[in-house]
Amino acid sequence: GNSVTQMEGPVTLSEEAFLTINCTYTATGYPSLFWYVQYPGEGLQLLLKATKADDKGSNKGFEATYRKETTSFHLEKGSVQVSDSAVYFCALESGGNTPLVFGKGTRLSVIA
Amino acid sequence: NAGVTQTPKFRVLKTGQSMTLLCAQDMNHEYMYWYRQDPGMGLRLIHYSVGEGTTAKGEVPDGYNVSRLKKQNFLLGLESAAPSQTSVYFCASSGTKGVSPLHFGNGTRLTVT
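Protein chains in written order, with our numbering: chain A, 1 to 112; chain B, 1001 to 1113.
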């Protein structure tokens, strides 16, 4: 079946450091891929998405590229801020009415 | 614009008690979902609905029931609460054009003692 694997956290970085959170997937067909972010005390919200191979999703300085050859969708940001501290979830949509499949989440803490 | 609203925000139950969590969305979405979030386990899908009057089981449905009598509401019931159901519960909705993106409520923190 479809699955998403994320790097385990927590990840702790200093402000202005470079961020990578790895995400790989297993799926049949051509899924759409997403990153969701959960700030403390809130529900998840969509951060970015990519719907086909080689697409790059971007938002708020974050980027992720849909790599079909490596079945990956790694999240990157060049310079993190304290306000980026949150839990990040990678997710996959395989089409039809099938619910999204989420990774287990990666907690990021950014210290000043 | 309220989006997805969950009530209550917090609740403490004793083992064996029952309760209903209410989720309401004002975006005319077809799809609605109930998840639970536990440390180290990520999000796990309990039940979902692809339209008014329909429900389907997710990954961890045991001990829960749901109803979608109105398009805007999705109720999650616990008939006999157990300590293993202590968790944070999230409702989400999506789709005028499919299952994504999901719009989440802010969660209900449930403790069963």
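Watch out, some of these pointers could steer you wrong.
For lysine-lysine, the following DSSO-like pairs were computed, each having C-alpha atoms within a straight-line distance of at most 27 Å [to be verified]: (1) B:Lys1071 <-> B:Lys1014; (2) B:Lys1070 <-> B:Lys1057; (3) A:Lys68 <-> A:Lys56; (4) B:Lys1070 <-> A:Lys104; (5) A:Lys104 <-> B:Lys1057; (6) B:Lys1071 <-> B:Lys1057.
Read the hints as simulated data drawn from the structure, not as lab findings.
Just to be careful, I want the Cα atoms of Lys1070 (chain B) and Lys1057 (chain B) compared with a cutoff of 27 Å; is the pair within it? holds, 18 Å
Please verify whether Lys1070 (chain B) and Lys104 (chain A) have alpha carbons no more than 27 Å apart. violated, 31 Å
Just to be careful, I want the Cα atoms of Lys104 (chain A) and Lys1057 (chain B) compared with a cutoff of 27 Å; is the pair within it? holds, 20 Å
Need the status of pair Lys1071 (chain B), Lys1057 (chain B): alpha-carbon distance at most 27 Å? holds, 18 Å
Verify the proposed pairing of Lys1071 (chain B) with Lys1014 (chain B), using a straight-line Cα cut of 27 Å. This hinted pair is violated, its Cα atoms lying about 31 Å apart.
Is the hinted pair Lys68 (chain A) and Lys56 (chain A) satisfied, with a Cα-Cα distance of at most 27 Å? Holds - the C-alpha atoms of Lys56 (chain A) and Lys68 (chain A) are around 12 Å apart, at most 27 Å.
The structure shown violates the earlier hints numbered 1, 4.
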